[in-house]
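Q: Heads up: the sequence lines are chains A and B, in that order. Heads up: the first sequence begins at 1 in our numbering, then just goes up one per residue. Heads up: the second sequence begins at 1 in our numbering, then just goes up one per residue.
Keep in mind the hints are simulated off the structure, nothing from the lab. Incorrect hints may appear among the rest.
Put simply, identical chains are the same to the list, so a pair is met inside one copy or across any two.
What the hints assert, rightly or not - Computed cross-link-like contacts, DSS-like style, restricted to lysine-lysine with a CA-CA straight-line distance of at most 27 Å:
1) LYS187 with LYS283
2) LYS118 with LYS432
3) LYS187 with LYS431
4) LYS431 with LYS225
There are 2 protein chains.
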Amino acid sequence: MVMAKMVSAGLVLAGAKGNGGAEGAVTISQFGLPNGLDVVVIPDHRTPVVTHMIWYRAGAADEPRGKTGIAHFLEHLMFKGTKAHPEGEFSRTVAELGGEENAFTSSDYTAYFQRVAKEHLRTMMEFEADRMRGLVLTDAIVDPEREVVLEERRMRTDSVPVSQLGEAMTATAFVNHPYGAPIIGWKPEIEALNRADALAFYQRFYAPNNAILVVAGDVEPAEVKALAEDTYGKALPTPDLPLRMRAKEPQPVAARKVVLSDRRVEQPLLQRMYLAPSYATAKPGEAEALDVLAQAMGAQSTGRLNQRLVLERKLAVSASAWYAGTALDDHLFGIYAVPAQEVSLEQLEAALDEVLAEMAQGGFSDAELKRAKTRLVADAIYQRDSQSALARNFGAALTTGLTAAQVIEWPRLIERVSGEEVKEAFRWLEKKRSVTGYLTGTAS
Amino acid sequence: MVMAKMVSAGLVLAGAKGNGGAEGAVTISQFGLPNGLDVVVIPDHRTPVVTHMIWYRAGAADEPRGKTGIAHFLEHLMFKGTKAHPEGEFSRTVAELGGEENAFTSSDYTAYFQRVAKEHLRTMMEFEADRMRGLVLTDAIVDPEREVVLEERRMRTDSVPVSQLGEAMTATAFVNHPYGAPIIGWKPEIEALNRADALAFYQRFYAPNNAILVVAGDVEPAEVKALAEDTYGKALPTPDLPLRMRAKEPQPVAARKVVLSDRRVEQPLLQRMYLAPSYATAKPGEAEALDVLAQAMGAQSTGRLNQRLVLERKLAVSASAWYAGTALDDHLFGIYAVPAQEVSLEQLEAALDEVLAEMAQGGFSDAELKRAKTRLVADAIYQRDSQSALARNFGAALTTGLTAAQVIEWPRLIERVSGEEVKEAFRWLEKKRSVTGYLTGTAS
Numbered sequence: 001m002v003m004a005k006m007v008s009a010g011l012v013l014a015g016a017k018g019n020g021g022a023e024g025a026v027t028i029s030q031f032g033l034p035n036g037l038d039v040v041v042i043p044d045h046r047t048p049v050v051t052h053m054i055w056y057r058a059g060a061a062d063e064p065r066g067k068t069g070i071a072h073f074l075e076h077l078m079f080k081g082t083k084a085h086p087e088g089e090f091s092r093t094v095a096e097l098g099g100e101e102n103a104f105t106s107s108d109y110t111a112y113f114q115r116v117a118k119e120h121l122r123t124m125m126e127f128e129a130d131r132m133r134g135l136v137l138t139d140a141i142v143d144p145e146r147e148v149v150l151e152e153r154r155m156r157t158d159s160v161p162v163s164q165l166g167e168a169m170t171a172t173a174f175v176n177h178p179y180g181a182p183i184i185g186w187k188p189e190i191e192a193l194n195r196a197d198a199l200a201f202y203q204r205f206y207a208p209n210n211a212i213l214v215v216a217g218d219v220e221p222a223e224v225k226a227l228a229e230d231t232y233g234k235a236l237p238t239p240d241l242p243l244r245m246r247a248k249e250p251q252p253v254a255a256r257k258v259v260l261s262d263r264r265v266e267q268p269l270l271q272r273m274y275l276a277p278s279y280a281t282a283k284p285g286e287a288e289a290l291d292v293l294a295q296a297m298g299a300q301s302t303g304r305l306n307q308r309l310v311l312e313r314k315l316a317v318s319a320s321a322w323y324a325g326t327a328l329d330d331h332l333f334g335i336y337a338v339p340a341q342e343v344s345l346e347q348l349e350a351a352l353d354e355v356l357a358e359m360a361q362g363g364f365s366d367a368e369l370k371r372a373k374t375r376l377v378a379d380a381i382y383q384r385d386s387q388s389a390l391a392r393n394f395g396a397a398l399t400t401g402l403t404a405a406q407v408i409e410w411p412r413l414i415e416r417v418s419g420e421e422v423k424e425a426f427r428w429l430e431k432k433r434s435v436t437g438y439l440t441g442t443a444s
Numbered sequence: 001m002v003m004a005k006m007v008s009a010g011l012v013l014a015g016a017k018g019n020g021g022a023e024g025a026v027t028i029s030q031f032g033l034p035n036g037l038d039v040v041v042i043p044d045h046r047t048p049v050v051t052h053m054i055w056y057r058a059g060a061a062d063e064p065r066g067k068t069g070i071a072h073f074l075e076h077l078m079f080k081g082t083k084a085h086p087e088g089e090f091s092r093t094v095a096e097l098g099g100e101e102n103a104f105t106s107s108d109y110t111a112y113f114q115r116v117a118k119e120h121l122r123t124m125m126e127f128e129a130d131r132m133r134g135l136v137l138t139d140a141i142v143d144p145e146r147e148v149v150l151e152e153r154r155m156r157t158d159s160v161p162v163s164q165l166g167e168a169m170t171a172t173a174f175v176n177h178p179y180g181a182p183i184i185g186w187k188p189e190i191e192a193l194n195r196a197d198a199l200a201f202y203q204r205f206y207a208p209n210n211a212i213l214v215v216a217g218d219v220e221p222a223e224v225k226a227l228a229e230d231t232y233g234k235a236l237p238t239p240d241l242p243l244r245m246r247a248k249e250p251q252p253v254a255a256r257k258v259v260l261s262d263r264r265v266e267q268p269l270l271q272r273m274y275l276a277p278s279y280a281t282a283k284p285g286e287a288e289a290l291d292v293l294a295q296a297m298g299a300q301s302t303g304r305l306n307q308r309l310v311l312e313r314k315l316a317v318s319a320s321a322w323y324a325g326t327a328l329d330d331h332l333f334g335i336y337a338v339p340a341q342e343v344s345l346e347q348l349e350a351a352l353d354e355v356l357a358e359m360a361q362g363g364f365s366d367a368e369l370k371r372a373k374t375r376l377v378a379d380a381i382y383q384r385d386s387q388s389a390l391a392r393n394f395g396a397a398l399t400t401g402l403t404a405a406q407v408i409e410w411p412r413l414i415e416r417v418s419g420e421e422v423k424e425a426f427r428w429l430e431k432k433r434s435v436t437g438y439l440t441g442t443a444s
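Start from the sequences, fold in the hints, and give me the full structure.
A: Here it is as structure tokens:
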């Protein structure tokens with residue numbers, strides 16, 4: 001048995017200022033249980049509620065080859081009951097206690113959460129700890145749920161051209177890394193997923209030494225620690241937990257284009273994705289510069305893309321940018337633009353490339369940079385007013401190779417990004433690193 | 001111990017007619033050893049030589065995720081010696097006996113062959129049987145060989161724009177199936193391959209029950225059987241040999257384009273690849289129709305593409321088509337076209353699409369079909385004059401899910417393909433199933 005690594009971090013999170021939220025600092029606590037469970041406690045005493053989340057360091061990118069969709073499918077099956085608590089009991093209890101619950105699967109993690117009145121925290125922890133190791137699956141449970149997932153895929157992806165385009169672009173953006181597969185899975189593989197696949201993934205990854213407990217709300221760290229020891233503390237760790245080594249993405253050499261033509265499309269769309277480092281893979285400051293770049297380029301109304309493409313040249317009705325930096329491996333920087341009436345996607349793309357060249361060459365003004373950074377920092381600070389958003393930030397960071405300290409430091413690092421660093425970030429926006437997507441209503 | 005499955009097939013292969021080759025039929029023999037080794041013997045008494053090939057049902061598509069290149073890397077390492085025969089001894093022996101040797105790795109198989117005077121067949125079988133199970137690898141052997149492979153990659157792919165384009169297109173054509181990865185492997189993964197990876201792949205796949213011995217030449221089946229029992233017969237089979245279940249490729253929904261721009265490119269090129277069934281996955285007759293289609297469309301001088309694009313419209317200096325149907329899973333149908341001076345790739349692509357539409361709508365004339373089929377059948381018959389080509393045909397077929405009987409039947413099935421079936425094959429040539437590639441000398 002390992003010694004309890006009571007490494008209470010005592011990380012200080014600056015409170016939201018001047019927006020009616022709690023003034024001043026909050027101390028985040030972080031510690032571990034002997035069975036390897038990491039725990040993060042975020043005190044928030046404004047209301048007598050708690051957000052209880054369990055995060056597994058296992059997502060779609062950790063799936064075995066040929067089993068795309070199993071991480072998400074298992075997330076569905078986690079609501080199917082255990083020996084101690086048969087199907088539906090957990091959800092019914094949450095509802096009866098007036099709480100909310102949900103779960104989500106990403107490429108790098110799977111998480112389950114409940115939000116309840118603080119006195120019910122122990123109950124939630126008991127239920128959640130029970131299903132960490134005690135899930136019961138039979139074919140009678142698994143087979144109909146597979147139909148539910150296939151229907152989810154039909155509804156959300158196969159019937160939605162913009163989702164199909166996004167899926168095809170992502171698959172094209174990553175030639176080798178499992179980020180190229182949709183989280184819900186490829187249809188012919190979902191169809192073949194079975195109970196044995198679900199149990200194998202569950203037994204491999206669902207363990208205290210592969211999980212992070214995040215509790216935010218009207219509680220104290222000592223209280224959470226005692227409850228965690230009583231509940232999760234009983235779960236046995238998985239020996240020889242495998243390292244998260246994924247297939248490696250080679251450096252891209254050719255610009256790619258994906259054209260999705262569907263009669264149902266009424267609003268054409270232009271998208272671009274570039275392979276870019278994530279916070280976990282970037283050199284210090286690089287990921288922050290990409291975040292500032294996405295904001296300076298893509299912010300609503302004041303972003304450069306909106307200025308040039310929408311306001312000045314009237315080629316687009318909207319234009320934005322995003323950076324998906326919260327990822328264990330290299331991920332994507334993206335651009336969206338919706339063409340104005342009578343403007344072809346080819347015209348819009350040519351104009352986009354001109355604006356990109358202009359920015360890469362001339363960079364941004366001090367005012368643009370200041371606006372971008374202020375926006376990013378303000379969003380982060382305002383987000384701290386949402387208990388669940390805050391808890392989610394920490395869970396996502398800790399499951400993608402970052403530390404709680406990095407989450408807390410982030411606004412300060414954003415403030416430090418220089419104009420030169422933002423200009424340098426254009427090295428990731430070379431055409432040959434990109435996939436361009438066209439969504440059109442007619443065959444193109 | 002399993003009973004020897006002496007299933008001598010007695011398959012009759014029609015000899016090449018009227019080209020100076022052996023007149024009349026040849027009887028192919030096929031049988032198995034108790035340890036699971038499949039044996040094919042192709043008598044060819046024209047010269048006193050034999051072609052000795054061992055084929056493993058293991059190729060790049062059988063690699064574990066994250067280990068692209070290990071099948072090919074192992075092929076290199078197979079020349080590094082065993083306990084019985086240290087490095088260089090096998091190759092030296094082949095050379096001293098005046099023979100030739102080689103090896104090749106594909107997505108679905110890896111094969112080793114020697115061509116020697118018939119009296120040396122036993123020696124070859126002894127050496128080859130010895131390295132089936134007895135390979136010795138140390139880091140001192142593996143590490144420098146990895147540099148050799150990386151240099152091979154640099155020479156053949158990274159420094160050759162047309163190879164880079166092919167690699168990027170193939171990676172785009174397959175979003176999930178391992179056929180999307182280059183056989184030589186992705187560079188960052190080759191760099192990480194080590195002795196343990198090579199041995200794991202070797203121990204998993206190199207076994208008599210995962211191999212096919214093909215001997216063509218001046219020998220009789222009974223003689224080969226006796227030799228095989230004495231040599232390969234001693235190799236122990238691998239218990240619980242895994243099924244070759246690869247990740248499934250979803251049906252494509254979006255047309256894709258890949259643009260490789262490189263200053264070194266002097267001759268631009270247009271390529272197109274469509275996901276299509278293989279002989280192993282197609283319904284009866286479909287793959288044969290795709291072969292006839294590739295020929296009718298792409299044959300030198302008389303093919304429809306050459307007629308329209310080169311001779312009539314003078315937009316291209318050459319245009320051809322290919323079908324890679326010998327594969328365990330769905331594979332590719334492709335088109336190449338080299339633009340004439342002053343013709344842009346966009347112009348050429350538009351014209352290609354017109355010709356494709358014309359053919360899909362109107363099909364081919366009886367004369368065109370007859371020419372295509374005659375050419376395919378003639379090529380197959382002429383190929384039978386080459387001992388090693390013949391042996392290679394059988395090995396490739398048997399490692400990609402086909403039977404010796406299918407190889408022998410093939411010309412007859414090609415003759416039977418109807419014009420209607422060729423027209424129907426255009427269902428696989430929908431734009432959304434395709435990747436179009438541009439090779440250009442300037443940024444595009």
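Q: Next, verify each hint and record whether it holds.
A: Here's how the hints hold up against the structure:
Taking CA atoms no more than 27 Å apart as the test, LYS187 paired with LYS283 passes between copies only; the shortest distance there is 21 Å, against 37 Å inside one copy. Taking the closest pair of Cα atoms, LYS118 and LYS432 never come within 27 Å of each other, the shortest separation being 52 Å inside a single copy and 53 Å across copies. Only between protomers do LYS187 and LYS431 lie at most 27 Å apart by alpha-carbon distance; the minimum there is 21 Å, versus 31 Å within a single protomer. Proximity of LYS431 to LYS225 under the C-alpha cut-off of 27 Å is found in neither arrangement, the shortest distances being 50 Å within a copy and 59 Å between copies.
In summary, the structure is inconsistent with hints 2 and 4 from the numbered list given earlier, while agreeing with the others.
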